[in-house]
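*Asks:* As you go down the protein sequences, you meet chains A and B in turn.
First residue of the first sequence: 1, per full-length UniProt numbering; consecutive thereafter.
First residue of the second sequence: 1, per full-length UniProt numbering; consecutive thereafter.
Everything labelled a hint here was simulated from the structure, so no lab data went into it.
These numbers were taken from a predicted model, which means no experiment stands behind them.
All C-beta atoms in this analysis are idealised placements derived from N, C-alpha and C, irrespective of residue type, glycine included.
You may find that some hints are simply not true.
As a list, the in silico BS3-like pairs of lysine-lysine whose alpha-carbon atoms are at most 27 angstroms apart [what the hints assert, rightly or not]:
| no. | chain 1 | residue 1 | chain 2 | residue 2 |
| --- | --- | --- | --- | --- |
| 1 | A | Lys87 | B | Lys342 |
| 2 | B | Lys580 | A | Lys566 |
| 3 | A | Lys375 | A | Lys512 |
| 4 | A | Lys580 | B | Lys580 |
| 5 | A | Lys183 | B | Lys392 |
| 6 | B | Lys231 | B | Lys342 |
| 7 | A | Lys183 | A | Lys272 |
| 8 | A | Lys87 | B | Lys38 |
| 9 | A | Lys87 | B | Lys566 |
| 10 | B | Lys375 | A | Lys87 |
| 11 | A | Lys512 | A | Lys38 |
| 12 | A | Lys87 | A | Lys43 |
| 13 | B | Lys507 | A | Lys183 |
| 14 | A | Lys580 | B | Lys311 |
| 15 | B | Lys43 | A | Lys43 |
| 16 | B | Lys342 | A | Lys428 |
| 17 | B | Lys87 | A | Lys392 |
| 18 | B | Lys428 | A | Lys87 |
| 19 | B | Lys566 | B | Lys38 |
| 20 | A | Lys392 | A | Lys375 |
| 21 | B | Lys87 | A | Lys580 |
| 22 | A | Lys580 | B | Lys231 |
Examples of chain B residues lying across from chain A (beta carbon under 8 angstroms, computed) [as the list claims (entries may be wrong)]:
| no. | residue |
| --- | --- |
| 23 | Glu91 |
| 24 | Ala118 |
| 25 | Gly144 |
| 26 | Gln146 |
| 27 | Ser194 |
| 28 | Phe368 |
| 29 | Met371 |
| 30 | Pro409 |
| 31 | Asn513 |
The residues making up each chain are set out below.
2 protein chains.
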Amino acid sequence: MVPTDGSVVRPISRGLTLRALVIWCILLPFIRLSSGAKTRHFKWEVEYMYWSPDCIENVVMGINGQFPGPTIRAKAGDTVVVELTNKLPTEGVVIHWHGIRQLGTPWADGTAFISQCAINCGETFHYRFKVDRPGTYFYHGHLGMQRSAGLYGSLIVDVAEGEKEPFHYDGEFNLLLSDWWHKSVHEQEVGLSSNPFRWIGEPQSLLINGRGQYNCSLAAQYSNTNSSQCKLRGNEQCAPQILRVRPNKTYRLRVASSTALASLNLAIGNHKMVVVEADGNYLQPFAVNDLDIYSGESYSVLITTDQDPSKNYWLSIGVRGRLPATPPGLSILNYQPTSVSKFPTSPPPVTPRWDDYNHSKTFSNSIFALMGSPKPPTSYDRRITLLNTQNKIDGFTKWAINNVSLALPPTPYLGSIKYGLQNAFDQKSPPENFPDNYDVMRPPINPNSTIGSGVYMFGLNSTVDVILQNANSLSNNVSEIHPWHLHGHDFWVLGYGEGKFSAKDEKKLNFKNPPLRNTAVIFPYGWTALRYVADNPGVWAFHCHIEPHLHMGMGVVFAEGVHHVKSIPNEALTCGLTAKFLDKNRG
Amino acid sequence: MVPTDGSVVRPISRGLTLRALVIWCILLPFIRLSSGAKTRHFKWEVEYMYWSPDCIENVVMGINGQFPGPTIRAKAGDTVVVELTNKLPTEGVVIHWHGIRQLGTPWADGTAFISQCAINCGETFHYRFKVDRPGTYFYHGHLGMQRSAGLYGSLIVDVAEGEKEPFHYDGEFNLLLSDWWHKSVHEQEVGLSSNPFRWIGEPQSLLINGRGQYNCSLAAQYSNTNSSQCKLRGNEQCAPQILRVRPNKTYRLRVASSTALASLNLAIGNHKMVVVEADGNYLQPFAVNDLDIYSGESYSVLITTDQDPSKNYWLSIGVRGRLPATPPGLSILNYQPTSVSKFPTSPPPVTPRWDDYNHSKTFSNSIFALMGSPKPPTSYDRRITLLNTQNKIDGFTKWAINNVSLALPPTPYLGSIKYGLQNAFDQKSPPENFPDNYDVMRPPINPNSTIGSGVYMFGLNSTVDVILQNANSLSNNVSEIHPWHLHGHDFWVLGYGEGKFSAKDEKKLNFKNPPLRNTAVIFPYGWTALRYVADNPGVWAFHCHIEPHLHMGMGVVFAEGVHHVKSIPNEALTCGLTAKFLDKNRG
Numbered sequence: 001m002v003p004t005d006g007s008v009v010r011p012i013s014r015g016l017t018l019r020a021l022v023i024w025c026i027l028l029p030f031i032r033l034s035s036g037a038k039t040r041h042f043k044w045e046v047e048y049m050y051w052s053p054d055c056i057e058n059v060v061m062g063i064n065g066q067f068p069g070p071t072i073r074a075k076a077g078d079t080v081v082v083e084l085t086n087k088l089p090t091e092g093v094v095i096h097w098h099g100i101r102q103l104g105t106p107w108a109d110g111t112a113f114i115s116q117c118a119i120n121c122g123e124t125f126h127y128r129f130k131v132d133r134p135g136t137y138f139y140h141g142h143l144g145m146q147r148s149a150g151l152y153g154s155l156i157v158d159v160a161e162g163e164k165e166p167f168h169y170d171g172e173f174n175l176l177l178s179d180w181w182h183k184s185v186h187e188q189e190v191g192l193s194s195n196p197f198r199w200i201g202e203p204q205s206l207l208i209n210g211r212g213q214y215n216c217s218l219a220a221q222y223s224n225t226n227s228s229q230c231k232l233r234g235n236e237q238c239a240p241q242i243l244r245v246r247p248n249k250t251y252r253l254r255v256a257s258s259t260a261l262a263s264l265n266l267a268i269g270n271h272k273m274v275v276v277e278a279d280g281n282y283l284q285p286f287a288v289n290d291l292d293i294y295s296g297e298s299y300s301v302l303i304t305t306d307q308d309p310s311k312n313y314w315l316s317i318g319v320r321g322r323l324p325a326t327p328p329g330l331s332i333l334n335y336q337p338t339s340v341s342k343f344p345t346s347p348p349p350v351t352p353r354w355d356d357y358n359h360s361k362t363f364s365n366s367i368f369a370l371m372g373s374p375k376p377p378t379s380y381d382r383r384i385t386l387l388n389t390q391n392k393i394d395g396f397t398k399w400a401i402n403n404v405s406l407a408l409p410p411t412p413y414l415g416s417i418k419y420g421l422q423n424a425f426d427q428k429s430p431p432e433n434f435p436d437n438y439d440v441m442r443p444p445i446n447p448n449s450t451i452g453s454g455v456y457m458f459g460l461n462s463t464v465d466v467i468l469q470n471a472n473s474l475s476n477n478v479s480e481i482h483p484w485h486l487h488g489h490d491f492w493v494l495g496y497g498e499g500k501f502s503a504k505d506e507k508k509l510n511f512k513n514p515p516l517r518n519t520a521v522i523f524p525y526g527w528t529a530l531r532y533v534a535d536n537p538g539v540w541a542f543h544c545h546i547e548p549h550l551h552m553g554m555g556v557v558f559a560e561g562v563h564h565v566k567s568i569p570n571e572a573l574t575c576g577l578t579a580k581f582l583d584k585n586r587g
Numbered sequence: 001m002v003p004t005d006g007s008v009v010r011p012i013s014r015g016l017t018l019r020a021l022v023i024w025c026i027l028l029p030f031i032r033l034s035s036g037a038k039t040r041h042f043k044w045e046v047e048y049m050y051w052s053p054d055c056i057e058n059v060v061m062g063i064n065g066q067f068p069g070p071t072i073r074a075k076a077g078d079t080v081v082v083e084l085t086n087k088l089p090t091e092g093v094v095i096h097w098h099g100i101r102q103l104g105t106p107w108a109d110g111t112a113f114i115s116q117c118a119i120n121c122g123e124t125f126h127y128r129f130k131v132d133r134p135g136t137y138f139y140h141g142h143l144g145m146q147r148s149a150g151l152y153g154s155l156i157v158d159v160a161e162g163e164k165e166p167f168h169y170d171g172e173f174n175l176l177l178s179d180w181w182h183k184s185v186h187e188q189e190v191g192l193s194s195n196p197f198r199w200i201g202e203p204q205s206l207l208i209n210g211r212g213q214y215n216c217s218l219a220a221q222y223s224n225t226n227s228s229q230c231k232l233r234g235n236e237q238c239a240p241q242i243l244r245v246r247p248n249k250t251y252r253l254r255v256a257s258s259t260a261l262a263s264l265n266l267a268i269g270n271h272k273m274v275v276v277e278a279d280g281n282y283l284q285p286f287a288v289n290d291l292d293i294y295s296g297e298s299y300s301v302l303i304t305t306d307q308d309p310s311k312n313y314w315l316s317i318g319v320r321g322r323l324p325a326t327p328p329g330l331s332i333l334n335y336q337p338t339s340v341s342k343f344p345t346s347p348p349p350v351t352p353r354w355d356d357y358n359h360s361k362t363f364s365n366s367i368f369a370l371m372g373s374p375k376p377p378t379s380y381d382r383r384i385t386l387l388n389t390q391n392k393i394d395g396f397t398k399w400a401i402n403n404v405s406l407a408l409p410p411t412p413y414l415g416s417i418k419y420g421l422q423n424a425f426d427q428k429s430p431p432e433n434f435p436d437n438y439d440v441m442r443p444p445i446n447p448n449s450t451i452g453s454g455v456y457m458f459g460l461n462s463t464v465d466v467i468l469q470n471a472n473s474l475s476n477n478v479s480e481i482h483p484w485h486l487h488g489h490d491f492w493v494l495g496y497g498e499g500k501f502s503a504k505d506e507k508k509l510n511f512k513n514p515p516l517r518n519t520a521v522i523f524p525y526g527w528t529a530l531r532y533v534a535d536n537p538g539v540w541a542f543h544c545h546i547e548p549h550l551h552m553g554m555g556v557v558f559a560e561g562v563h564h565v566k567s568i569p570n571e572a573l574t575c576g577l578t579a580k581f582l583d584k585n586r587g
């Protein structure tokens, strides 16, 4: 089961010279062209529109009149060009291509104030990037809480022409999972930024491909809920996506989570799933009855339609890690030619108890890279430990990393670092650690938390270890799950552990077959150890993928080799000090 | 009653040479400095916040934590500097200084996509302009429908040091009127831009200085309404502003309307009002029992506190011109030392019937310039007639002027015209007239309405006549009131008439003492004739001041002498093609 796809790019070794890198960058397009790579053009307009994602009419952020946005489908090696026009009346917009590493195109990463200026009202930005590696990805807004407003869609990269996946399947389905609130994100944002703080609460609905049901259940007849049976004709915007399958076949489900908050568990009645891909990286296949998926993650699972073909089966998603106040999201696996209107005879799978973290840890600890996958360097050049705490700063509730809550500056780092604009952000590097005596089991007592915009600068091609350290939040006996997502790279997930990371934990780390991911969770009161090679010149967000947490400052900024970044398009730098800098340097 | 204030700037005659203009511009600051003019600095931050304008909590756009925004108070000849920082999470912002002509500073007019780029999130723009003339003004957002979101405040210019107003008063009050919806402007905007169209409906409340009451009445005991008596302790955000007066004095009420939709009528129980100022221009004083005020207008009225001092009196505002679905806004005139808690013995004044247009016309036709005010040139160089129609364009409901519905381009006109960027907007001049056989009494039959961004270009210092022609809207037997507001200038209101303007109407025009205004209404099925001198180099919006109407395209763009505009600050042109142009011309 070694991947036969040549597009699994091995990380550039630390010893690589700049010259080699440049040559590699120059050659790469030609290598791809020889395998029939294409440029795929998309013209998109982002605008608000009325929509009923959960059968309740609301306003969503749509693309070309669609919610979720159009699915991008490309082949490994292709170049994707998205001409994105902002048709919002007053807001800027950007789109992040989640999981695409943007090798050589850091300005196309779509992170407002990090990789580019927000695209102004009425203007068009040209995202142009290579999708170098097959996998299950998605895209979403990365300004304010626009992802929560519905700005997301799927991005699927197939193997290059003539290549094969390391597993077989007869058909596939694409399931983009999200959560949905009835309160507008504008109002959610005001609450999060207010003193007293107002939390957004649990989502009203869970959506599968933008479809869910509020205040009714597809499966009311099975559940002891107060919800009534949904009366859907099937043509509603909220009507569930039906997975139409033939018996005795193998199907690939591509599952990605763009939730704003919810950690999810997915299961299909009577069907086991074999997990084969995570975040665009092949895994050592393993079978599960249910799949935990955190915001920012993607998986491919294979299912075999070997059950009674005269029946239909529920596919269910439910909330994990928070006391659920949201009914499960449901879809139906429909064996052809059985009628889709024939109800499954068994109730939908039950989501594991929300606080059964052992279940989650067992799942996470079952994930290993497929044999033959790139291995991590055997040692690191620099290690930083990032303590995750909830803090009060001037009366406002924030999240802080090593006591610094991230507030992005109005000038994108990519421009300000490249052009040496020292007033653009805090020049002092943020802390790389936290005091030894910090008690992760108690609410934070440190009153010195600050708002900051500093950057962790790493040597180009250096190997970086990041220890994510969870802790108690502001409330007693509360520690939450945080899925951390890194832009511009994958990292190896070396391991998870309990309590405070210490020297004795070193030997528990997996250097043999750790999975490559772009998102990894920290469990309550636990730590997660990551390793990656800083081999992609640019500035990269690394943050909790829970939308309100990021809005409350739960992120850091990594940078490497920015001076090697060439030709940042002007359209990426029309704001803040970069705009003034460019002005000053004209005529 | 000739104004003793030397700051009444006479319009520059058409014969004035450019050289004279330049000399005048150079000398002006020194003239002012000699009379003790000051620079008044303000540091403002715009952000969303929770507020209860009508006792119902909602989100408003506030400045420095205040709603309405802080009042600017300056003296004629002063320079006002507002450092405006955008603290909104995703939206741009601008502020228009309504009634300030921005002589020589067209880039400070605060109109997004016309005079400047929207200020990006996190950035600061420096508004710097001279307030050359005493009067009652206000300021407000001019991007999307941000004015409706609550972005407004008062701007009061007193006479210069040592100067006197042409009337006496012992004290003054400042009443900024507005209307308020419970639905967010973001959602209002989506409805207006959707097909099928969704109208915003009538406001939930009328506000006086940002204070109103929803679902209760201050004067419930008098009215046959279902509302209950408001239970206010007086410290609520919605508690009415009390006008505390002493007996037998004269007070100036400065009244300005920033409503999104409502035309208003203001009256005070038992007190006549003498109207003395409109839009910063002195009027021939005249007495009224009630005052019609349209969105974009301001008035000063004098009241004499000659009534029974042991009583209090209602000040009331009610809706005109649309079937009212909004209860009146109320405030109390409190004779000191009578307790404010003593209820007026009479009910609040009753607003004239909403469709009693004769009442409104009588009022408008009573407005004349104070003797000695500047008179209009006796002839015009160019006359354009602007037909106001409601149209369907590709299924969307729009307003159009001579069949063109205005859509602003992403590049501010001031920059694109100055730098000759021909792709920035429609280069074809919009129509100056409409077909002779157009029937203004019937719904529009012309199917050729288009969306456009063209500009009316006028010769510098030319005299322009504008005939605003009202017509039937899309519904039978409906023609609405539209208050048209001109930026950068005042115009003389030469007259109002019924039906279609024709040659025979010429002789009805008033060239003797027409009032100077910046806003003038067109009555249903009527016309309004305006004259102004295009003596202020720049690009200027001229539009219906009803916020949703402007959003639906009800405006035009005027430009004059743009090549004489010097040194547009770079911070005004960081977007669109101007940004690209400035980029291209660097290094």
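*Asks:* All the hints need checking, so say for each whether the structure fits it.
*Replies:* Now the hints, each set against the structure:
1. Lys87/A to Lys342/B: violated, 53 angstroms
2. Lys580/B to Lys566/A: Answer holds: Lys580/B to Lys566/A is near 18 angstroms, not above 27 angstroms.
3. Lys375/A to Lys512/A: holds, 7 angstroms
4. Lys580/A to Lys580/B: Roughly 13 angstroms between the alpha carbons, so the hint for Lys580/A and Lys580/B holds.
5. Lys183/A to Lys392/B: Roughly 32 angstroms separates the two Cα atoms, so the pair is violated.
6. Lys231/B to Lys342/B: At roughly 14 angstroms apart (the allowed maximum being 27 angstroms), Lys342/B and Lys231/B satisfy the hint.
7. Lys183/A to Lys272/A: The given pair, whose Cα atoms are some 37 angstroms apart, is violated under the 27 angstroms limit.
8. Lys87/A to Lys38/B: violated, 42 angstroms
9. Lys87/A to Lys566/B: Judged against 27 angstroms, a Cα distance of about 32 angstroms means the pair is violated.
10. Lys375/B to Lys87/A: Given that 27 angstroms is the threshold and the Cα spacing comes to 45 angstroms, the pair is violated.
11. Lys512/A to Lys38/A: violated, 36 angstroms
12. Lys87/A to Lys43/A: Status holds; Cα separation ~13 angstroms.
13. Lys507/B to Lys183/A: violated, 58 angstroms
14. Lys580/A to Lys311/B: At roughly 61 angstroms apart (the allowed maximum being 27 angstroms), Lys311/B and Lys580/A break the hint.
15. Lys43/B to Lys43/A: violated, 41 angstroms
16. Lys342/B to Lys428/A: violated, 62 angstroms
17. Lys87/B to Lys392/A: The given pair, whose Cα atoms are some 20 angstroms apart, holds under the 27 angstroms limit.
18. Lys428/B to Lys87/A: Distance ~24 angstroms between Lys428/B and Lys87/A Cα, so the pair holds.
19. Lys566/B to Lys38/B: holds, 23 angstroms
20. Lys392/A to Lys375/A: violated, 41 angstroms
21. Lys87/B to Lys580/A: holds, 20 angstroms
22. Lys580/A to Lys231/B: violated, 53 angstroms
23. Glu91: holds, 4 angstroms
24. Ala118: holds, 7 angstroms
25. Gly144: Holds, because the Cβ-Cβ distance from Gly144/B to chain A comes to roughly 4 angstroms (cut-off 8 angstroms).
26. Gln146: At 7 angstroms from the nearest chain A Cβ, Gln146/B passes the 8 angstroms test, so the hint holds.
27. Ser194: holds, 6 angstroms
28. Phe368: Nearest chain A Cβ about 40 angstroms off; hint violated.
29. Met371: Not OK, violated: Met371/B not within 8 angstroms of chain A, min 45 angstroms.
30. Pro409: holds, 7 angstroms
31. Asn513: Violated, because the Cβ-Cβ distance from Asn513/B to chain A comes to roughly 42 angstroms (cut-off 8 angstroms).
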